[in-house]
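Peer 1: Here is how the chains run, residue by residue.
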Amino acid sequence: MDLEFTAAEREFRDEARSWLARHVPAAPLPSLETAEGFAAHREWERRLAADRWSAVSWPEEHGGRGASLVQWLIFEEEYHAAGAPGRVSQNGIQLLAPTLFAHGTDAQRARLLGPMARGEVIWAQAWSEPEAGSDLASLRSKAVRTAGGWLVSGQKTWSSRAAFADRAFGLFRSDPHTPRPHQGLTYLMFPLDAPGVTVRPLGRLDGKPAFAELFLDEVFVPDADVIGEPGQGWRAAMSTAGNERGLTLRSPGRFSAAAERLAALWREAPEEVAGPLTDRVADAVIGARAYQLFGYAQASRLTTGEDGAPTGDLGAAASLNKVFWSELDLALHETALDLLGPAGMLADDADEAPAHGRWADGYTFSLAGPIYAGTNEIQCDLIAERLLGLPKGRR
Amino acid sequence: MDLEFTAAEREFRDEARSWLARHVPAAPLPSLETAEGFAAHREWERRLAADRWSAVSWPEEHGGRGASLVQWLIFEEEYHAAGAPGRVSQNGIQLLAPTLFAHGTDAQRARLLGPMARGEVIWAQAWSEPEAGSDLASLRSKAVRTAGGWLVSGQKTWSSRAAFADRAFGLFRSDPHTPRPHQGLTYLMFPLDAPGVTVRPLGRLDGKPAFAELFLDEVFVPDADVIGEPGQGWRAAMSTAGNERGLTLRSPGRFSAAAERLAALWREAPEEVAGPLTDRVADAVIGARAYQLFGYAQASRLTTGEDGAPTGDLGAAASLNKVFWSELDLALHETALDLLGPAGMLADDADEAPAHGRWADGYTFSLAGPIYAGTNEIQCDLIAERLLGLPKGRR
Amino acid sequence: MRFLPSTEQREFARALDGLLTASDTPAVARAWAAGDHKPGRALWGRLAEAGVFGLAVSARHGGMGLLPAELTVAFTELGRHVMPGPLVETVAVAAFLERLDAGAATEWLPRIAAGEALVSLCADGPYALDADAADAVLVVEGDTVRRAEGHGPAQASLDPARRLFRPRGGTVLARGPAVTSAAGHALDVARLATAAQSLGLGRALLAQTVSHVTRRTQFGVPIGSFQAVKHRLADILIALEFAQPLVHGAAAALAAGAPSAGREVAAAKVAAGEAGHAAARTALQLHGALGYSEEPALSLWIRKARPLRDAWGTPAECRRRVLAG
Amino acid sequence: MRFLPSTEQREFARALDGLLTASDTPAVARAWAAGDHKPGRALWGRLAEAGVFGLAVSARHGGMGLLPAELTVAFTELGRHVMPGPLVETVAVAAFLERLDAGAATEWLPRIAAGEALVSLCADGPYALDADAADAVLVVEGDTVRRAEGHGPAQASLDPARRLFRPRGGTVLARGPAVTSAAGHALDVARLATAAQSLGLGRALLAQTVSHVTRRTQFGVPIGSFQAVKHRLADILIALEFAQPLVHGAAAALAAGAPSAGREVAAAKVAAGEAGHAAARTALQLHGALGYSEEPALSLWIRKARPLRDAWGTPAECRRRVLAG
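Residue numbers (the numbering used here), protein chains in the order written: chain A, 148 to 542; chain B, 148 to 542; chain C, -13 to 311; chain D, -13 to 311.
If you're looking for bench data, these hints aren't it; they were derived computationally from the structure. Where is the CB? At the ideal position from N, CA and C, for every residue including glycine. Don't take every hint at face value.
Not the full set, but computed from the structure, chain C residues with beta-carbon under 7 Å of chain B [as the list claims (entries may be wrong)]:
{"hint": "1", "residue": "Leu219"}
{"hint": "2", "residue": "Ala257"}
{"hint": "3", "residue": "Leu309"}
The list that follows gives simulated cross-link-like pairs (lysine to any residue, SDA-like), each with its CA atoms no further than 20 Å apart [as the list claims (entries may be wrong)]:
{"hint": "4", "chain 1": "B", "residue 1": "Lys539", "chain 2": "C", "residue 2": "Phe205"}
{"hint": "5", "chain 1": "B", "residue 1": "Lys289", "chain 2": "B", "residue 2": "Val344"}
{"hint": "6", "chain 1": "B", "residue 1": "Lys289", "chain 2": "B", "residue 2": "Gly301"}
{"hint": "7", "chain 1": "B", "residue 1": "Lys539", "chain 2": "C", "residue 2": "Gln204"}
{"hint": "8", "chain 1": "A", "residue 1": "Lys289", "chain 2": "A", "residue 2": "Thr181"}
{"hint": "9", "chain 1": "A", "residue 1": "Lys539", "chain 2": "A", "residue 2": "Ser281"}
{"hint": "10", "chain 1": "B", "residue 1": "Lys539", "chain 2": "C", "residue 2": "Ala100"}
{"hint": "11", "chain 1": "D", "residue 1": "Lys24", "chain 2": "D", "residue 2": "Thr7"}
{"hint": "12", "chain 1": "A", "residue 1": "Lys539", "chain 2": "B", "residue 2": "Gly540"}
{"hint": "13", "chain 1": "B", "residue 1": "Lys539", "chain 2": "C", "residue 2": "Ser197"}
{"hint": "14", "chain 1": "B", "residue 1": "Lys539", "chain 2": "C", "residue 2": "Gln194"}
{"hint": "15", "chain 1": "A", "residue 1": "Lys289", "chain 2": "A", "residue 2": "Ala249"}
{"hint": "16", "chain 1": "A", "residue 1": "Lys539", "chain 2": "C", "residue 2": "Phe205"}
{"hint": "17", "chain 1": "B", "residue 1": "Lys539", "chain 2": "B", "residue 2": "Pro328"}
{"hint": "18", "chain 1": "B", "residue 1": "Lys539", "chain 2": "C", "residue 2": "Gly162"}
{"hint": "19", "chain 1": "A", "residue 1": "Lys539", "chain 2": "A", "residue 2": "Gly516"}
{"hint": "20", "chain 1": "B", "residue 1": "Lys539", "chain 2": "C", "residue 2": "Thr200"}
{"hint": "21", "chain 1": "B", "residue 1": "Lys539", "chain 2": "D", "residue 2": "Pro208"}
{"hint": "22", "chain 1": "B", "residue 1": "Lys289", "chain 2": "B", "residue 2": "Gln237"}
{"hint": "23", "chain 1": "A", "residue 1": "Lys539", "chain 2": "C", "residue 2": "Gly206"}
{"hint": "24", "chain 1": "A", "residue 1": "Lys539", "chain 2": "C", "residue 2": "Pro208"}
{"hint": "25", "chain 1": "A", "residue 1": "Lys539", "chain 2": "D", "residue 2": "Arg202"}
{"hint": "26", "chain 1": "A", "residue 1": "Lys539", "chain 2": "D", "residue 2": "Arg201"}
{"hint": "27", "chain 1": "A", "residue 1": "Lys539", "chain 2": "B", "residue 2": "Lys539"}
{"hint": "28", "chain 1": "B", "residue 1": "Lys289", "chain 2": "B", "residue 2": "Pro369"}
{"hint": "29", "chain 1": "B", "residue 1": "Lys539", "chain 2": "B", "residue 2": "His329"}
{"hint": "30", "chain 1": "B", "residue 1": "Lys539", "chain 2": "C", "residue 2": "Gly206"}
{"hint": "31", "chain 1": "A", "residue 1": "Lys539", "chain 2": "D", "residue 2": "Thr7"}
{"hint": "32", "chain 1": "A", "residue 1": "Lys539", "chain 2": "C", "residue 2": "Gln204"}
{"hint": "33", "chain 1": "B", "residue 1": "Lys539", "chain 2": "C", "residue 2": "Asp221"}
{"hint": "34", "chain 1": "A", "residue 1": "Lys539", "chain 2": "D", "residue 2": "Thr203"}
Start from the sequences, fold in the hints, and give me the full structure.
Peer 2: See the structure below:
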């Protein structure tokens, strides 16, 4: 139960902290969900990449630092503590890249990772379809074999970042005649400005175009843009989904930083407002610390294993993270809005919004947490069946 | 939306209040779960009955006052506000009597109701069996036809009050060959000291013998002690279960009185203890008031109907009451114990127990609320399927 | 005692429900959020004809006197249909002016009753709702009331149909303890109307979600057959069913001028506001990404739930009021 | 950094688990509750041989120095097996005497390490746990510590295996700021050990309930196949899984003498205490009437959860400590 950082880890933290102190913009960037803000965030990615802070855990040859999992956690802590901008490259770096490392070819990695790390190519995800949300295996969009590649048709929706992004990745049904619905799916990538692609921006709850619908009409995808074997896309996608649910997408640093801001808000509030919220504020602080320490334990387990043998994969334990961080995030933001009173609901385009609308924006974002990357209901089924061994039933 | 009481209702309240002020014992009676306490509570029932306060809603011929539902609610409010003793006759008056009124014979009513109202015969319930808790229809204890009656055998458990009571009522399988499990059941009554009956007291969570196991070996039950038609017991039992879940068993008065005591406790607590509990205390007060007003609305609906036509039966709406009062009761007692700190857990046999262990006892009691009379999980299924019309699924 | 809506009250609710259904209120709300108040004002007039605004105006000013029970009936329907605008504020101002009986009463009350005047009110925090759409904005500070001359820029909130403005300037209309007392009364009316709106909003959210989970299939079955879905919806029904009698009871207390009225209104506001908020959270979760999208009309209901919960007394303020006795 | 139990720590846990399993701790706990301390004292000696009590005693007094991480390992197992007695109090007194270094240290520490002395402590509220079974009861009030001469009558609580006594009389052993400081340290040790106990208790409750719902059938299927049952148990697993790193982290902070140690211990106490309490509530609900009965051994675990949650700092006190920074 050693919580002491090695000299290398402490040095890494110092280097990250000092770089961030020098480079994090003093004023918040414009909202990521506008064309102007998207460009500003893309520029920030370029700056991160220039000093190899864009994807610290990648190998050096692809622009990373070969950082360990613990170092990655440290970087995330420092990043959020510094109040650095949201990561517009997240879909690529956190979701697509792990799949490329696990299932892609050397040529794909050489071609795709650099521009991804530098923010030159921003990736959107194209998973969901109107009739396939939680039940992802029931996808209908299809890929039909053609000379040198595939012709892709169908409709994708809630495609996050797609309103402004460059390329997308997703699953398509390449073989409609398989015994089980998650067979016969192919994982492929395509440009959002390719012939046959129509992008219709979709507003999220607060109206910001955080995602889009994609209408695909015989879009040509060359074989070079298929990841893994055709028809074997589900397995590759699930390793991505595992990443989304688990350790990588919601880094502990984000919640630790938010919990500290919440505690500061609580200390400034008048006693009659703060008093009744004591327990909820304390629970947010405790929850953020628990998530941070849980992350260290998971990183240790992945690296050295419970018995000294690395486990390599979180498996169903990733569902524990997903449920915990999403409920923590929501509770934390509900508490913040309750501390702020009605003014807390003012959005970032209201000039009187507390903290530039950061709490309101965070609240809207947190509302999606229990839904995306597999609803919490499904996660709890997985936890009960795979970790506790309860009998499978109809859900 | 008239909340004004009629002159008759106000007079009834005054009469009840003044009787209670004169007769409620100043010191709490000994615990109902001891032989001594049981006798003391039986004596209290006798005194209530002597002035016709034992079963106010019964017709006068059976010792009641023919009180309306609203008057019954008023009586309960006054009863609990006066801090009057727990009702040892509850199984009989609240569960068995409604069944006798609906399904019994004149002879049964003439023979059984008087002694019940006077506390001369205290009734235990004999529903559950070791393998039939929530799934009550799967009962196995049997009734076999014999000359002039039935021979009853099997095992009943969690039979409340049976450790000290006089008689019991329950359901027994009289026809083992029916297509569906809730058919072929017969509702019957028997003395707990009849030949063939063995009573083994069972401790509840705090060790008090609040219920018992009953071992029945060819116990003779005459035809006169069968309620309704043999084989038709389920229907009669469900009308009783409806009463248990719904309006009658958990009267609003109990929660209103407890919420007032809780608010008083909160006002006396030091600020650092009281502050963080503000919302929970307020929610208990609000919940108790909601339950009281909901009761008035239900009584109005039963009496005069939404459109002026009385509905007569709460149906699945009784499940709303059950879930609400049981969760309110538990939250209220959790909050009280948190206000009292560790000393709140001291039991009534600790001479330093706050409020003579009343909160601790109430807490133990409240823990059973979400379980008995149909678990809250099953109630929520019923609410979803019968009130909201959601599709039936495997539970 | 008969603690149920009367036949007349039920018919009033049905009539409003019919009127609002026929008026495509989601389109009205979207136009309002975009700054186009015309469809909203037109509907406002029809609501006045149906008698809504006269429920807080005395007969001598063209209304029916303060009828809190009928007010809760009306505001439940307004909430059910996400009608936009300073509805609560207008009836609260009416209640305020009736009590104050100043010169402004004669000027504004008949116009409020007739649906010709939308009036906003700033009395609880720095903002007035929809000041840009209102014909007048009253500002109560301590024991003075003034009519604002103008207002600052719109402050957008998470519900785009609720735009807030800081009122500016203006001349004092009245001053003294009568103002404080009338403002206290107006606050109770505002809270009650907001509670009723939350209740109606929650009912609509529940109905839409029940309908969705019955139709939407995933894993080969309607998602409404999953026990986790059933239990979440059962919880919402319970919350709404037990909030409703509190709202009706508070109306009765206010009508009777009971000393407990302020406490009862506060209790109703907490229960209805939290129930509406919980209904929105559940509607969002069970609609999944559909619920998180702006385009489906459902978003109009979801976004309004939390602002209503907090308007005219946050749950925390109202809980303190309940315990203040 | 490797934030996981070491091989030695895992082996220590397995050894204790084996010892306690073989010792029929439910029977020991029932005897203890009935006032028969003999089986408990016998097991206490075997625990000492396994090294449990030496974890808070320095080498010169026969122990291994304060080892908070190993202490959490041991107390997790003691909680898992509902071992009765003043376990927490005894190690807290050891930590206290080590810091104070008064004459009493030489007298009691070797006996504590050897498992020969059960010592209770009254430092947080008016009561000492199991004073009738203890060989000594220390009482800390402000900056003085005394050894009690006797005690009042037993105060029965909802957990009959936890009987409380008001200590009486006695002579002062030490006085001054060193007492206050040592008592603060002992409080942290007591909180950490109690948190670990809650964690182990919760793990056992979860395991027993998972086993029950897998075997128990109603409506023709195992009740563990119902989604509502699954989700309640998943929630408990989540609560325990996220409490555990807090407990381990607090041990590390205490071992390192970090300035944040008091706060981290308090956070761990909240999370583990609430997780244990939630596990008991869920175990009770999912066992139904079986869970509400005294006779099944499960009741021993259920009844202990809330007292442990509140002992040595209620969740409210510990939450305040967390926010005090």
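Peer 1: Any of the earlier hints contradicted here, and which numbers?
Peer 2: Result: hints 8, 10, 15, 18, 19, 22 and 31 break, sorted rising.
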